[in-house]
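Can you make the complete structure from the sequences, with help from the hints?
Residues per chain are reported as follows:
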Amino acid sequence: MADDITMQVARYRPDKDREPGWQEYVVPVREEWTVLDGLNHVKNEVDPTLAYRWSCRMGICGSCGMNVNGEPRLTCATFLSDYAPGPVRVEPLAHFPVIRDLVVDLDDFMQKLPRVSPWIIRDEEQPVEDGEYLQTPEELDAYKQFSMCINCMLCYAACPVYGLEPDFIGPAAIALAERYDLDSRDQGARQRLDVLIEHEGVYGCTFVGECTRVCPKHVDPAAAIQRYKLKAAQESVKMFLLPRALRR
Amino acid sequence: MSTQATHGATQQDPRYHPAVPVFWWTRKASYLVFVLRELSSIFVAWLVLFLLLFVRAVGRSEAAYEEFLDWAASPWLVTLNVIALAFVVLHTVTWFSLTPQAMAPRVRGRRVPPAAIIGAQYAGLAVVSAIVVWVVLG
Chain R
7 MADDITMQVA RYRPDKDREP GWQEYVVPVR EEWTVLDGLN HVKNEVDPTL
57 AYRWSCRMGI CGSCGMNVNG EPRLTCATFL SDYAPGPVRV EPLAHFPVIR
107 DLVVDLDDFM QKLPRVSPWI IRDEEQPVED GEYLQTPEEL DAYKQFSMCI
157 NCMLCYAACP VYGLEPDFIG PAAIALAERY DLDSRDQGAR QRLDVLIEHE
207 GVYGCTFVGE CTRVCPKHVD PAAAIQRYKL KAAQESVKMF LLPRALRR
Chain B
6 MSTQATHGAT QQDPRYHPAV PVFWWTRKAS YLVFVLRELS SIFVAWLVLF
56 LLLFVRAVGR SEAAYEEFLD WAASPWLVTL NVIALAFVVL HTVTWFSLTP
106 QAMAPRVRGR RVPPAAIIGA QYAGLAVVSA IVVWVVLG
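Read top to bottom, the protein sequences are chains R and B.
For the first sequence, the tail end lands on 254 under the numbering used here, and the numbers increase by one without skipping.
For the second sequence, the tail end lands on 143 under the numbering used here, and the numbers increase by one without skipping.
These aren't lab readings, by the way, just hints derived from the structure by calculation.
Glycine is no exception: its CB is placed at the ideal position from the N, C-alpha and C atoms.
Check each hint, because a few of them may be wrong.
Listed next, with one range per pair, are the computed distances between beta-carbon atoms [what the hints assert, rightly or not]:
1. R:PRO93 to B:LEU52: 25 to 35 Å
2. B:TRP29 to R:ARG36: 30 to 40 Å
3. R:SER242 to B:VAL53: 23 to 33 Å
4. B:LEU52 to R:SER87: 47 to 57 Å
5. B:ARG113 to R:GLU131: 27 to 37 Å
6. R:GLY27 to B:THR97: 38 to 48 Å
Structure below.
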């Protein structure tokens, strides 16, 4: 294995640049080094002005998502040695406005997420003295996969629909809506459907399926969206066929 | 940078806004397959129309039926139908393999494995095809 690898890193300094450019850094390739380790090496030893987000280094926090050779990846879970002899291209996550270098602006997602009410909604709260809401292992299993989302935004960077139609509410938000819909303690499905049945909701999705392919936590947002479409379609048929009194 | 700016940074908004290039679908094999899958709908619609024209010709007269057969044997139509067949196969294979994502049926509390759902669709296709072959050749 070669001792070094060239990292081509996208740089954007809003005070100086009108658009991003490339800067090359040569970093050592160590067997256990990830792309994030390479960036940390640059930041600590070569160029302290490089800006990027990271936190946990273990695929939990979802901060270090970047496009590596054009693919959205968690840089803490992507080994430099897999790209040897290089060069390896590191860009900010696609489809988001770039604030600086590899740091993107996630405000759009932050605005969209609460619209699907990603929390447990009850018609009536059970009194505290009645104890906790119990669930069977099967009930937990029903939504667990969708609860693994870490909001890393790789699915948004992979989704061409989101790139072309930024109003699309997007894969992670819909997967999280499904996570709460499938929770036996939740009664908010109707409320979420009212949001997701809109044009920029589930019907924006054309089932490219890339969100699922890039998801580092195997959430399968594409599945959540298609099941939501099915639910929305059933609801529309019900609205059309059933008398008003029987609709809920 | 591989993307181009719709509008670069301004004093009001110092962020850089990347734009999706027109040929975004050529950048990844999976994007290309997606676009071809979407395009396949046109060929599915064409084959439906072709079938309807065939049924109409049969319903009209024997001469109309013969005329339809001659038309259908013309080289350009054979070429078109071979291309259409390829797209319909793509349409079928891709949608069959996507079905388990859209439907997650449970039997006795257990999720039906994706392979069983895909397999059932091919089995259904085989049964329908066998009936068609039996009707046509029988």
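These are the hints, each one checked on the structure:
1. R:PRO93 to B:LEU52: 25 to 35 Å: Violated - the Cβ-Cβ distance for PRO93 (chain R) and LEU52 (chain B), about 47 Å, lies outside 25 to 35 Å.
2. B:TRP29 to R:ARG36: 30 to 40 Å: Given range 30 to 40 Å: holds, Cβ gap about 35 Å.
3. R:SER242 to B:VAL53: 23 to 33 Å: Distance hint for SER242 (chain R), VAL53 (chain B) holds at roughly 25 Å.
4. B:LEU52 to R:SER87: 47 to 57 Å: Since the Cβ atoms of LEU52 (chain B) and SER87 (chain R) sit about 49 Å apart, the hinted range of 47 to 57 Å holds.
5. B:ARG113 to R:GLU131: 27 to 37 Å: 33 Å, holds
6. R:GLY27 to B:THR97: 38 to 48 Å: Since GLY27 (chain R) and THR97 (chain B) have Cβ atoms about 46 Å apart, the given range 38 to 48 Å holds.
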